[in-house]
Amino acid sequence: MTAIVIENLGRSFVTTTGTIRRTQKTVTALDNVSLTVEPGELFGLLGPNGAGKTTLTRILSTVLLPSSGRAEVLGLDVVRDAKQLRPRIGMVYGGERGLYWRLSGRDNIQYFADLYLVPPEVSRKRIPELLELVGLKDRAEERVEGYSRGMKQRLHIARGLINDPDVLFLDEPTIGLDPIAARELRTVIADLHNAGKTIFLTSHYMYEVDALCQRVAVVNKGQIVMMDTPAALKQLVANLEVVEVECLSVSSEAINRLRDHPRVEAVHVDNRDQVQVLQIQAPGGVKYVPEFLHLLDGANIQKVVTRQPTLEDAYVKLLGKDAISV
Amino acid sequence: MNHWPQLFKTGARAGWANLSVELTPATVLGARIPRTVLQAIFFVLIAYAAGGIELARFALIGNMMHAAIFSCIVDMSIVIELEKWNGTLPYLIASPANWFPMMLGRSLAGYAEGLVRIVLVLCFLLPIFGMGIPAIDLLRAVPLFLVTAAAASALGWLSGAIMLPTRWGLLVCNTIGYLMMVTCGVNFPFTALPPAIQWIGHALPMTHGLLAIRAVIDGATYSDVAGLMVSEIIIGLIYGAVAWKLFAHRLDVARQTGNIEQF
Numbered sequence: 000m001t002a003i004v005i006e007n008l009g010r011s012f013v014t015t016t017g018t019i020r021r022t023q024k025t026v027t028a029l030d031n032v033s034l035t036v037e038p039g040e041l042f043g044l045l046g047p048n049g050a051g052k053t054t055l056t057r058i059l060s061t062v063l064l065p066s067s068g069r070a071e072v073l074g075l076d077v078v079r080d081a082k083q084l085r086p087r088i089g090m091v092y093g094g095e096r097g098l099y100w101r102l103s104g105r106d107n108i109q110y111f112a113d114l115y116l117v118p119p120e121v122s123r124k125r126i127p128e129l130l131e132l133v134g135l136k137d138r139a140e141e142r143v144e145g146y147s148r149g150m151k152q153r154l155h156i157a158r159g160l161i162n163d164p165d166v167l168f169l170d171e172p173t174i175g176l177d178p179i180a181a182r183e184l185r186t187v188i189a190d191l192h193n194a195g196k197t198i199f200l201t202s203h204y205m206y207e208v209d210a211l212c213q214r215v216a217v218v219n220k221g222q223i224v225m226m227d228t229p230a231a232l233k234q235l236v237a238n239l240e241v242v243e244v245e246c247l248s249v250s251s252e253a254i255n256r257l258r259d260h261p262r263v264e265a266v267h268v269d270n271r272d273q274v275q276v277l278q279i280q281a282p283g284g285v286k287y288v289p290e291f292l293h294l295l296d297g298a299n300i301q302k303v304v305t306r307q308p309t310l311e312d313a314y315v316k317l318l319g320k321d322a323i324s325v
Numbered sequence: 000m001n002h003w004p005q006l007f008k009t010g011a012r013a014g015w016a017n018l019s020v021e022l023t024p025a026t027v028l029g030a031r032i033p034r035t036v037l038q039a040i041f042f043v044l045i046a047y048a049a050g051g052i053e054l055a056r057f058a059l060i061g062n063m064m065h066a067a068i069f070s071c072i073v074d075m076s077i078v079i080e081l082e083k084w085n086g087t088l089p090y091l092i093a094s095p096a097n098w099f100p101m102m103l104g105r106s107l108a109g110y111a112e113g114l115v116r117i118v119l120v121l122c123f124l125l126p127i128f129g130m131g132i133p134a135i136d137l138l139r140a141v142p143l144f145l146v147t148a149a150a151a152s153a154l155g156w157l158s159g160a161i162m163l164p165t166r167w168g169l170l171v172c173n174t175i176g177y178l179m180m181v182t183c184g185v186n187f188p189f190t191a192l193p194p195a196i197q198w199i200g201h202a203l204p205m206t207h208g209l210l211a212i213r214a215v216i217d218g219a220t221y222s223d224v225a226g227l228m229v230s231e232i233i234i235g236l237i238y239g240a241v242a243w244k245l246f247a248h249r250l251d252v253a254r255q256t257g258n259i260e261q262f
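Residue numbers (numbering that gives the first Met the number 0), protein chains in the order written: chain R, 0 to 325; chain Y, 0 to 262.
Be aware that a few hints might be false.
Unchecked claim - Below, computed lysine-lysine pairings styled on PhoX-like, alpha-carbon distance capped at 20 Å: (1) K8(Y) with K124(R); (2) K124(R) with K136(R); (3) K83(Y) with K244(Y); (4) K233(R) with K316(R); (5) K24(R) with K220(R); (6) K244(Y) with K82(R).
Since the hints were made in silico from the structure, they are not lab data.
The shape of chain R in the complex, shown without the other chains (with noise of 0.2 Å):
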C-alpha cells in the first residue's frame, strides 16, 4: 500500500483587509498538487516562502481541511478517516511554538502521549527512550520555558514519535537552529528513516533534502514545479558551470545586464551580511567571467571563484526569481 496519495489537491484561503470596507482576498495556497510516497520512503518537499508547503503538511495530518481534491495517508482519506488516521501519524511544525512553556520536557512528552492515547506503561518506557534518542534525558525535568530553540525542536520531535507512528510529517525541523543543532537534527531524522518510518519532509534548506531524501518535489506557488531524485534534479545543471561573484554593492541594472548576457540561464543573489553573493549560472561559465566582471563594473568585487553545480542550483533554475527568497 502507498503511504501517501495526493490528488489534484488544492487550498485556498481567504483573507481581509481593512476595518470598516473590508475587501476579501482569495489566496491560493495549493493548486492541482498529485503526488504519491512509498512505505520507508524519505520524501522532501522543496520551496521558497509562501509555496505551499506548511498547507500540505497540515492537510496530510488533519489540521486543515483541503478545498478540492483528495489526500490519503495509510489508505484513510485525511478528512473522511481523520479519526482512524490520527493515531498512526506523528507531526512536528517547525517553529518554537506548540509546547508548554510551564511545563517540563517530560510533562510535555507525558501530556502528549496520554492526547495520544499511548497506554501508561507502554509511554513510561517510551518517553525515557525518546528523551534519549533526542538527546535531552539530562533536561528532562526542566520548564521548557529555559530551552534553548534547538532543544525545543528537538522535543518537538520526541513529541511527534510518541506514538510510535508509521508516518512522520516534519515542517521545516531545521528552521532557526544554529549549524550544530540542525545538523544533530538532522541525524536523528536519518536515524528514523533507517529504523523504517515513512518521512515526509518540507525544507526550504536544499543541502538538507539533498543530504536526506530519497525523492524530492520542488513547489512553488502552490504548484509541483518537478518531481525527482535530488540526483535527477542535479542533472538539470549537469552541464552548467556556476560562477559565484562575492561583491559589496551590485545594482539590480547590474543584475538585469548580466540576466541578459545570451550564455547565461539564471543568476541568484543571496544576501549574506554586508556581502552580496552572485550565482551565475551558464555553460561553460568559466570562459565568460571576464565578460561578466566587465557586466559587473562599479559593484566592488570582492572574490570569483568557480563550482560545479548542486541541488541548489537546480532549484535556482526551477524557480528563477522566486528562488531569492531561499
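Add chain Y to chain R, keeping to what the hints say.
Same frame as chain R, now just chain Y:
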C-alpha cells in the same frame, strides 16, 4: 472512556504546573494575598458601617466565595488562552483523544486556588472584625463549594471558548466577575435585589451555591439545601455543555478556515 482517569490526572498536573509558575514569593506576597484580602475588607467594611456585625458577616461569606469562584473562572479561561498562546491548538485538533477529561483536570488548580483564597479571607478578616464562624460549619460547606466551583469553571470555559478568536479574554473574565458580584447576592441578600438583577443572577453559577453555603454555615442540613445544589449543578452542566460544543465548533471552523494560528 478507560483513558479518562489518565487524561484527567495529566490535565490536573498541567494545570498545577501552569499555576505554580505564577506562585513566586513576589506575586503571592505582593499581589495575590493583598488583592484578595483588601477587596474583601473593602466590601465588609462598607457592610459593617451600613448594618453592623450581622451584615458584615453576610458580606464576608459572600466575598470569600466570590474571590474563590472568580479564580475558578479565570483559571479555566486561561487554560484556553494558553492553548492559543502556546500554539498547541493544532495538536489538540489532531489528537485522537477526547480532551474533555484533560480540560476537567486542568480546572482543578482553580479549585485549589479558590480554597486558599477562602482560607486567606477567613484568616485575615475574622480577627479584624471580631467575628467567629465555627470551623465545623465551614468544613461542611466545602463540598458545596467544590460543586459551585465546578459550575463556575464551566462558565470560565465558555468565556474562553467565546473569546478564543480575540485577544481580550481576561478582560471579559473581569466583567463576568463584577457581574457576579452584583447579581449573585455577594454583598446584598439575593431576595432584596431588583427582579431584573435576580433574573440574571439565577442564570449564573454561584447564586444557588452561595445561598446553600450561607444556609449550611447557619446550621441547615444538606437535605435542606439539596434543591439549591441541584439548580447549581444543572446550571453548571448547561454552561459546560454549551462550552464544550462551542469550543469543538471553534476548532472545526479553524480546520476549515485555516485561521487557527491567527487566534
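Evaluation of the provided hints:
no.	hint	result
1	K8(Y) with K124(R)	holds (19 Å)
2	K124(R) with K136(R)	holds (13 Å)
3	K83(Y) with K244(Y)	holds (18 Å)
4	K233(R) with K316(R)	holds (10 Å)
5	K24(R) with K220(R)	holds (16 Å)
6	K244(Y) with K82(R)	holds (18 Å)
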